[in-house]
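There are 2 protein chains.
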Amino acid sequence: MPAEFDLIDRIRRRVLARGDVALGIGDDAALLEVPPGRQLVVAMDTLNAGVHFPVDTAPADIGWKALAVNLSDLAAMGAEPAWCTLSLALPVADAEWLDAFLDGFSELAGAHGIALVGGDTTRGPLSISIAAHGFVEPGRALRRDAARDGDEVWVSGTLGDAAAALPGVLAGAAVDPAMRARLDRPVPRVALGRALAGLARSGIDVSDGLLADLAHVAAASGVAIDIDLDALPGSPAVLALAADARRCTQATGGDDYELCFTAAPADASAIEAIAAVTATRVTRIGRVRGGRGVHARLADGTAWLPPRAGHVHFA
Amino acid sequence: MPAEFDLIDRIRRRVLARGDVALGIGDDAALLEVPPGRQLVVAMDTLNAGVHFPVDTAPADIGWKALAVNLSDLAAMGAEPAWCTLSLALPVADAEWLDAFLDGFSELAGAHGIALVGGDTTRGPLSISIAAHGFVEPGRALRRDAARDGDEVWVSGTLGDAAAALPGVLAGAAVDPAMRARLDRPVPRVALGRALAGLARSGIDVSDGLLADLAHVAAASGVAIDIDLDALPGSPAVLALAADARRCTQATGGDDYELCFTAAPADASAIEAIAAVTATRVTRIGRVRGGRGVHARLADGTAWLPPRAGHVHFA
Chain A
1 MPAEFDLIDR IRRRVLARGD VALGIGDDAA LLEVPPGRQL VVAMDTLNAG VHFPVDTAPA
61 DIGWKALAVN LSDLAAMGAE PAWCTLSLAL PVADAEWLDA FLDGFSELAG AHGIALVGGD
121 TTRGPLSISI AAHGFVEPGR ALRRDAARDG DEVWVSGTLG DAAAALPGVL AGAAVDPAMR
181 ARLDRPVPRV ALGRALAGLA RSGIDVSDGL LADLAHVAAA SGVAIDIDLD ALPGSPAVLA
241 LAADARRCTQ ATGGDDYELC FTAAPADASA IEAIAAVTAT RVTRIGRVRG GRGVHARLAD
301 GTAWLPPRAG HVHFA
Chain B
1001 MPAEFDLIDR IRRRVLARGD VALGIGDDAA LLEVPPGRQL VVAMDTLNAG VHFPVDTAPA
1061 DIGWKALAVN LSDLAAMGAE PAWCTLSLAL PVADAEWLDA FLDGFSELAG AHGIALVGGD
1121 TTRGPLSISI AAHGFVEPGR ALRRDAARDG DEVWVSGTLG DAAAALPGVL AGAAVDPAMR
1181 ARLDRPVPRV ALGRALAGLA RSGIDVSDGL LADLAHVAAA SGVAIDIDLD ALPGSPAVLA
1241 LAADARRCTQ ATGGDDYELC FTAAPADASA IEAIAAVTAT RVTRIGRVRG GRGVHARLAD
1301 GTAWLPPRAG HVHFA
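Keeping their order, the protein sequence lines are chains A and B.
Residue 1 is where the first sequence starts when you use the working numbering, and the numbers rise one by one after that.
Residue 1001 is where the second sequence starts when you use the working numbering, and the numbers rise one by one after that.
Please note that the accuracy of each hint is not assured.
Claimed, not checked - Covered, in the sense of this in silico footprint (three residues per stretch, anywhere, with C-beta under 8 Å from a C-beta of chain A), are these stretches of chain B: (1) 1016-1028; (2) 1033-1046; (3) 1155-1164; (4) 1224-1231.
Said to hold, decoys possible - Cβ pair distances, simulated, as ranges: (5) B:V1051 to A:G110: 27 to 35 Å; (6) B:A1111 to A:S269: 47 to 55 Å; (7) B:L1239 to A:G37: 49 to 57 Å; (8) A:A273 to B:E1137: 43 to 51 Å; (9) A:A279 to B:P1054: 49 to 57 Å; (10) B:G1293 to A:E107: 33 to 41 Å; (11) A:P36 to B:A1017: 19 to 27 Å; (12) A:R14 to B:A1264: 36 to 44 Å; (13) A:A279 to B:G1293: 53 to 61 Å; (14) B:R1289 to A:V51: 48 to 56 Å; (15) A:P36 to B:R1289: 40 to 48 Å.
If you're looking for bench data, these hints aren't it; they were derived computationally from the structure.
For glycine and all other residues, C-beta sits at the position ideal for the given N, C-alpha and C.
Model the full assembly from the supplied sequences, consistent with the hints where possible.
Here you go:
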């Protein structure tokens, strides 16, 4: 069984070079150069086996997803990804598992030019913590507290596939590969987030369920948000579900990793243009107004209450 | 049982304010201002229950130690601490446990002016990951790869108390409180590391055992290091151990979190002055020369080989 330092060597061999990394893996800490005039953006998310991914998830998918959920946080701030640190707890030092994990991790890291600059490997139940670092121009970040009365609410991509796939995956049933991919290989909306920085008013990524995540925006901004449930974009498979199952899956299911953002109505055509340039579908799904809370409505205006208020880790 | 967001609120109430935190806990990521002309220093270390601390360790001590091991990494680079992110995996959402954890964490964070700016709370086996961020002037960091032929090797404080305490702690025996405190509440040598930046040639913190840690310095710098085992500084309790047990404990025991650094002999008096100003004991314990590897010797020059090569997590 390889020692910790063999694991670190295996990791180091897969790392992208960047000119702003003065010292990467191999010392007590990394030395990094933040560009002048930019704010540093730092996110940190952890995935635990059996909690954040099914225990039989392929190691390459775990590597991808652990980085993707962090890149999604950077995207939700409008940040440009730069570096990350990785803490990997493994029950046993399994070089084959690690290499497969790094396949998925490196595929996504390479696509976004993000360099792994340090971290830790420990013995423990399988768990992956990543701290992701990026940059944003001061005043242009997409914050949760900046939604304003009159803003339109937009969402990228489609909602509900990951949540719709999960029960089948957990039961060991056959699951549509496209839906399973939404669960295992979420695509962080980095290019869209970058393009929206300084244009959209507020932003968040949809990770715990649309309504639960928007509740943070409403609370932080001191506004009410109306959501048109029957306008939520979905894949054909999700749109084919029975109406209430579809609404529940799309409004409260987790793991979408789409961006939800608000913008002034006057900026709608600029947003449509950004969507075209970044090849990302965007859909208007609601409106910000004075008041409090998130209010889901059907097409006829009827209020709709979810059976539960989103995915709460410690419910 | 409180929900995740109640845990986050409990954490947020304990956080230090800093002017360079444009946006802290509560969004998808933190927004931070790195001072112009400084390098960003990032370290990330994880503690898992039963691996990195005994399972019956008091939660306040766990909170202290999780931050201390990361501050020790910043100290070993000569960095000034600024911010951290915390990922906390808990088997159950226990507000009382969290408050006690935060007591220890906040005591150390406050002493070093470090602000918690984000992170994650998850359900899982007890594990704490921290990413610590600091600053250093370009060219002044204490790197592992900068030891030079002729340097003297120094170590701060005393070595061996934590390793000497561990067997008794694990056996549930009565342990000298001062030695137990070295295990549970290591004191990161932040002021010493800052003062040594730009003066000492290379540096590392002693976390896995002196000889194992120095082996990284020797390998990274392409030098040999001779260590005088009988010169290692120790507490009275450790110095009272039988000679070979004392050497083994001090040379290969882990969890010291002292700084080991090399410097030109001409800088010895400057180092003694820094030690006086920072009220930190420092001791010369060896010499760098051409060659490879770390060579431990007794006072009479006899070579000494440890029974094991230090604390290897995945041996």
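Okay, the hints, checked on the actual structure:
For the region 1016-1028 of chain B, the stated coverage by chain A holds: 5 residues have a C-beta nearer than 8 Å to a C-beta of that chain, and at least 3 were required. For the region 1033-1046 of chain B, the stated coverage by chain A is satisfied: 11 residues place a CB nearer than 8 Å to a CB of that chain, which reaches the threshold of 3. Closer than 8 Å: that is the beta-carbon criterion, and the region 1155-1164 of chain B has 0 residues meeting it against chain A, so the requirement of 3 is violated. Only residues whose beta carbon comes within less than 8 Å of a beta carbon in chain A count, and the region 1224-1231 of chain B has 0; fewer than three means the coverage is violated.
Separated by about 32 Å at the C-beta atoms, V1051 of chain B and G110 of chain A satisfy the suggested range of 27 to 35 Å. Between A1111 of chain B and S269 of chain A the beta carbons are some 53 Å apart, a value that agrees with the proposed interval 47 to 55 Å. As the Cβ distance of L1239 of chain B to G37 of chain A is approximately 54 Å, the hint placing it in 49 to 57 Å holds. At about 44 Å, the CB distance of A273 of chain A to E1137 of chain B agrees with the hint of 43 to 51 Å.
A hinted range of 49 to 57 Å for the beta carbons of A279 of chain A and P1054 of chain B is consistent with their spacing of about 53 Å. Between G1293 of chain B and E107 of chain A the C-beta distance comes to about 38 Å, which sits within the given range of 33 to 41 Å. P36 of chain A and A1017 of chain B have their C-beta atoms about 25 Å apart, which keeps the hinted 19 to 27 Å range intact. The hinted range of 36 to 44 Å is satisfied by R14 of chain A and A1264 of chain B, whose Cβ atoms lie roughly 37 Å apart.
Separation of A279 of chain A from G1293 of chain B is about 55 Å and conforms to the stated range, judged on CB atoms against 53 to 61 Å. At about 51 Å, the beta-carbon gap between R1289 of chain B and V51 of chain A stays in the expected band of 48 to 56 Å. Take P36 of chain A and R1289 of chain B: their Cβ atoms lie about 42 Å apart, and the range 40 to 48 Å holds.
In summary, the numbered hints that this structure violates are 3 and 4.
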